[in-house]
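Undergrad: As a plain string of letters, each chain reads:
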Amino acid sequence: MQKISRRSFLKIAAGVGAAAAVPLTLTMDFKVFAQDIQDDKVTKVPSLCNGCSSTCGLWAYVKNGRLWKVEGNEANMKSMGKLCARGHGVAYNVYDPGRVTQPMKRVGDNKFQPISWEEAFQEVGTKTRQILDEHGGDKFVWACHGGKETYAAKFLDVIGSPNYITHYATCFTAKTNIWDKMCGGMYNPDFDNAKYMIFAGRNYAGGIIPAAMKRITEAKEKGVKIIVVDPRFCELATIADEWIPIRPGTDLALYLGIAHTLISENLYDKSFVEQFVFGFDFFWMYNKDFSAEKAAEITGISADKIKELARDLAANAPHAFLEPGYHGLHAHYKNSNETAMMNVIINALIGNFWREGGLFPAASTTFGHPEDTYFGPKAEMGSRADGAGVAGQYPLVEAGRGIPQRIPDMIEKGQAKVVFFYHYNPLRSAPEPEYQKKIKNADLVVSIPCDWNETSVYTADYILPENHYLERMEHPKVINGNIYWAAAQVAARFKALDATSSSLDLLDILKGFTTAYGINNLYGFTIEEDMAASLGPIGISPDKLKEEGCIELRTSVLPKIEGITFNTFTHKIEFCIGAWKKEGFIGVPTWISPLVEPQGENEFRLIHGKQPWHSHIMTTNNPYLMAITEDYNGTYMWMNTERATKLGLKEGDWVTVANDIATKTTQVHVTEGLHPDCVWVPSTYGTYSDKLENGYGKGFNYNDFIPARVDEKTGHVMGQECIVTISKGGK
Amino acid sequence: MEKIKKWYGVLMGSITEQNKAYASLFIIFADLFKYPEKENYNELLNGEIDKQIEQLSRLAGHPIITSFKDEIGSYEEIVQAFNDCFLGITTPFAPPVESVYKVWTTDDSFQVPLKNQKGHLLGDSALHIRHIVQALGLEIPTEYEMMPDHLTILLELYSYLNQEGLISEAEQFKKDHLDWLPDFYNSLIKIERNQPYSNIVLKLNEVLKQ
Amino acid sequence: MANYVMFIDPNKCTGCNACRIACQMQWNLPPHINFNRLDECVEGQYPNLTRVITPLQCQHCDNPPCQTVCPTNATYKREDGIVLIDEKKCIGCKHCMVACPYEARVISESGVPEKCRFCAEYVVNGEIPACVSTCMCGVRTFGDMDDPASPIHAALAGQELMQLLPGHETAPRVLYAKKRR
Amino acid sequence: MKKNIWTYTALVLIGIAGLGAINKYFISGEHAFGVSPEVPWGALIASYVFFAVAATGTGLVASLGHVFRIKRFEALSKRALVASILLLTSAFGILAIELSNPFKMIWIIFTPNFSSPIFWMGAFYGIYLVLLFGELFFSIKDKHKAAVSIAYVSLLVKIAALINLGRVFGFSSTREFWHGYYYPGYMIVTAIVSGAAVLTIMVYLISKKDASLDYTGQPLFTSLGKILAGAIIFLAGMQAFKLGIALTSGDTSLSGPAQAVISGPMAPSFWTMEVLVGMVIPLVILFTSRFLSRGKILLSAALAMTGLLFSRLGFVYSGLVFPLEIVPKGCSFFDSLNMYSPTWSEWSLIFGAIGFIYLAFTVAEDKLKLEVKH
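Residue numbers (our numbering), protein chains in the order written: chain X, 1 to 731; chain H, 1001 to 1210; chain R, 2001 to 2181; chain B, 3001 to 3374.
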């Protein structure tokens, strides 16, 4: 009679008899229990914020396994004890019931079925195996945001796939590519000792690194002069001494004009150039006619102002810099590569490398590795499916970064069959979403997210949710870069909270997947062992790291005059890129016009940028951050007052924005703070996964309007080479 | 009278048939909130489940009549309903988890706004269930370890308490942890495809109320 | 007895809203209820603009109009200068909201016109308010004027100070640096 | 009691008001109303003022009978008391729903704040209500002397209550448009307008069945009509003066709200309802009919009351419409006035109160002995 459940969840624990009586330890009354747990202790666990990729250090305060509070970590050189709005917001996401709570298998359009991890591993593993056995290991693609995550590489090595692709081509790839080629790596500004700073193409108050803002405002207090060059009166311009609105896409001309002034007026640091620069004459030969006057014509900035900038840079040199920039200029114009080159050249001309108040390389360190546990066969490495670094395709693109916007193309051409997305959502963050949706045509698409992002919902055959960052322990990170700090720091995410769902850490996901794939013991270590092995050579124990949250290593990058050398072929800063010459380019920057220009009264260039409380696309589902957007009309598109008046537009009016790729409607913010040639939108909005209900359908995204182009030299998307026509009405 | 009977059973060291039937009844309900496997679907469809509920509830002294078989449609439809209602791939959705329908914690010291909000996982109730499960020497599957207040587990636990004759504990448990079903029901009916789940919750609440 | 004040330098604020959300977390506020907000003022014409962002919140007046009008004395002032509201006495007439010249109050979910509390429970233990501790630009400084070791003295030194709406004679405890742009 | 179409309309209105109240208390909370941090007071505060002032005004005009011994008004005395009581309880009822936590009112006794105008409002109107009941009780019991003594005290309380109500708005310097002594005066004048109008309507309602009114009926109508006309003219003058001063003050915190009234978001309601319906048309009707037609006087009274309701809405909103200039600025921010419009819940309560007053008055007329014996 009695129905015996075949699948009863509740089991009697091993070694325990059935309870005949109530155990003494049991508190049955909920109210009493809830009162009791209030006496639990609060503990502190260090982690690294996941609100953007700055990895700010924070402390998660934990009580009865749950989040009690978050706070910036004083010792961390990115946060210096401060957190921005995103940091507070994303920590809160951890208890969102809308997270992907267990592995999902697609059973139809927009239809998923939950499966167990065992099933998920088995199915994904065997399917991947079948496909790769048939088509070759190099048809496997691992696409991710990028950065310091390492585990996928082991698998790629074994199957012979070089296809580790990051999002950088949609973000700042020209910068890292070119700095590496010209001076052997990235150099970062010393805010504390500079007397004069020019920021162009980087808005530290929008794409925030809290410590940078702390140090910039402190410098400002001391009377340091801050110049912001930006088509938009950005947040950083708020505290700047001067805002110089530039015609978008013409920063290269400004830089050429500054360089011309420095050289023609003999203001440049000749001894530095003689000692540390290769190719100066070659550069000058091509650019000696590009005067400040010529730059003025193109940029719309007066020749006097351009000369003034050059003279002020020189006067304060070497305690001055042109900040190396970020997303704003380095993936968005046809001339982004040359713009990045000119950034190096101007800083070299004022001789500020390795000088107090100038630019320094990031202090770094090397981690150890857990011992290899896999000794089986490895397939021969194939060639990159995206053509990055491949002769005849995109030879100058860094293979380590890849060309993410090409993924649908690679799938169509049969160069990619299995694609894994790790916390990466190209359906929203890469150009032309309709085109990116073709990713679903791959034989197998697997997404490893936290939330139901567009890429998972529209393309993934399987969704394997990873734990929220506060729920996972990770391989340690070197905290460095972007801003000068004399010593490298080591920090890590430690597991602060009990997971609220059956998501897993990346390492466990890869262990399960690779085992099912048929590679045994590829990751024969636990995350704890990995951390111990990584930290071993530096002499830090995981326990100590957990206790201190962030450990600063010995000071290793200090100003110097002697013994400066650059990690290039000539050991100098190369004004002329040899690799480019090999490919038939001249190798030095010269003026290149933007690809497209707006014409007529209702044409505008569509440019974008970061809002201080959102990280591009990944924070829009947070109710707190979206509340800020609502209170400050954050989805509005900026337009210059004069242009708006001509179109008969007032603050808050609805407009239709269109080009041959998309048509969207939005409201306008009419402002004096924008160059008349362009309209500006925050890069955050336009969420179209209806599962992300706080962000869904709010505003639009610039990616809606740009095609998936690939720059021939560094592979970027040219995201602001985009003209739209704007007309009144639409809602 | 019911209670005395039950207590009598406990005191005599034997669990009455009535108790067993009552406990079994909730095992059946617990099963209905798991992912619908084909086998379970068939049992639902051919009326086996309705029949068992009728018999067990009668034996248990809380007779109810259900006709879930009329509401389930095809197998694909019940899977779709399960997905729509519980998984969160579409919104609105209504996870069958107690924490979501209760204020997260009554501990005023927390400095995250979850504290006095509803709609979040791992609330005080989840911690309590975890505590009860451990104290009774029980185990729950890894997938549910962090969602211990999932309705399936609550019902199995309630069943277990009754089964073991821990009647006053069961009563307390019902009062504390099965009081959110009306809120759950209200969330469910906002979902377009809510059958048979909304009706199951209704019937479950009915039998618990008796 | 402590003597709490806050110093805000709008010249440094870039409008990141970290203060708003840090406060919401600290005080368990829902997304649309916030105790502090940013007032933006853009002046000038392209390309010569100035933009000043002024953080606004309860000014903890020494002569609080909200307290004067409160019929049940639900709004009260502590000896250390902090203006608080006793939820159990508030009838929700909202006269305080009408009387406050700083628009500092927002109605809570329980119908009580709430506002910034200067993190009253925390500062007495030597902690600083959440909006202050999270501010990366150093816009805000909190301190006890009677404590010589308080960072407030260094922050105020040499500053040209102003109070908001001095004409209303509210004597705020939030001091602002004068606009330098 | 005879039921007619108005009885049922009243019941429906009360029912809808019930829904509005349920919406506030059990569903939407504060969101049931259109108020915001910028405009914390809205239609319910306005209608509270509307009913409370009408209650006081009715008492004030009616006291011409008891206090000033004007014979023809004596016919009204008891009924005016009843009307006053109903109007005042409606006002309190609306306030109770407007307040987030009316039950905490008890603290007004335990920890009163004597500097708070709202405390005094509670005190004066509370006392007034008690006095009204007392006066009515003694009137019905024909204890004339006691009733008259109460009436004297009541008159003082009424005037104090009105002045204090003006102070609730005029007290704080924060809302410049309200600040000062204008609104205490405005309250008294509008009290007379609404008192005369309410009494006119009341007399009309009862004149059909109360034969005694045939004797005093016509002169009573004419007197009330004249009081009404006089008060409206006085009020119109005051309002024009107030707006004129504000517009020409050169102070944006005064001229801004005034602009909002005459040409901003409040203009349609101001010109059509407050000025045209509430003042111009009633005056035209009254003067052209030479205060002789009962029907026309009634119509003027009804229009004046309608206009006055919108006048109250405008008066409350006008104090809050203009954004506070918290940070001294030179930048443009005037383009965004604080927006407010009443929600259905707010309207439902206003109309519900009207329904309640009508219904309760007819019941009282039926059950209590309100006629004056001669």
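If you are wondering where the hints come from, they were derived from the structure by calculation, not from laboratory data.
Where hints are given, some of them may not hold.
Said to hold, decoys possible - Taking lysine to aspartate or glutamate and the EDC-like style, the derived pairs with C-alpha atoms no more than 20 Å apart in a straight line are:
#, chain 1, residue 1, chain 2, residue 2
1, H, LYS1190, X, ASP690
2, H, LYS1069, H, ASP1107
3, X, LYS105, H, GLU1043
4, X, LYS222, X, ASP281
5, R, LYS2178, B, GLU3325
6, H, LYS1034, X, ASP312
7, B, LYS3104, R, GLU2109
8, X, LYS511, H, GLU1143
9, X, LYS31, H, GLU1171
10, H, LYS1115, R, GLU2109
11, X, LYS69, H, GLU1171
Undergrad: Could you run down the list of hints and mark each one as holding or not?
TA: Going through the hints against the structure:
no.	hint	verdict
1	LYS1190(H) x ASP690(X)	holds (16 Å)
2	LYS1069(H) x ASP1107(H)	violated (44 Å)
3	LYS105(X) x GLU1043(H)	violated (25 Å)
4	LYS222(X) x ASP281(X)	violated (38 Å)
5	LYS2178(R) x GLU3325(B)	holds (16 Å)
6	LYS1034(H) x ASP312(X)	violated (71 Å)
7	LYS3104(B) x GLU2109(R)	holds (16 Å)
8	LYS511(X) x GLU1143(H)	holds (18 Å)
9	LYS31(X) x GLU1171(H)	holds (14 Å)
10	LYS1115(H) x GLU2109(R)	holds (14 Å)
11	LYS69(X) x GLU1171(H)	violated (36 Å)
In this structure, the hints that do not hold are numbers 2, 3, 4, 6, 11, in rising order.
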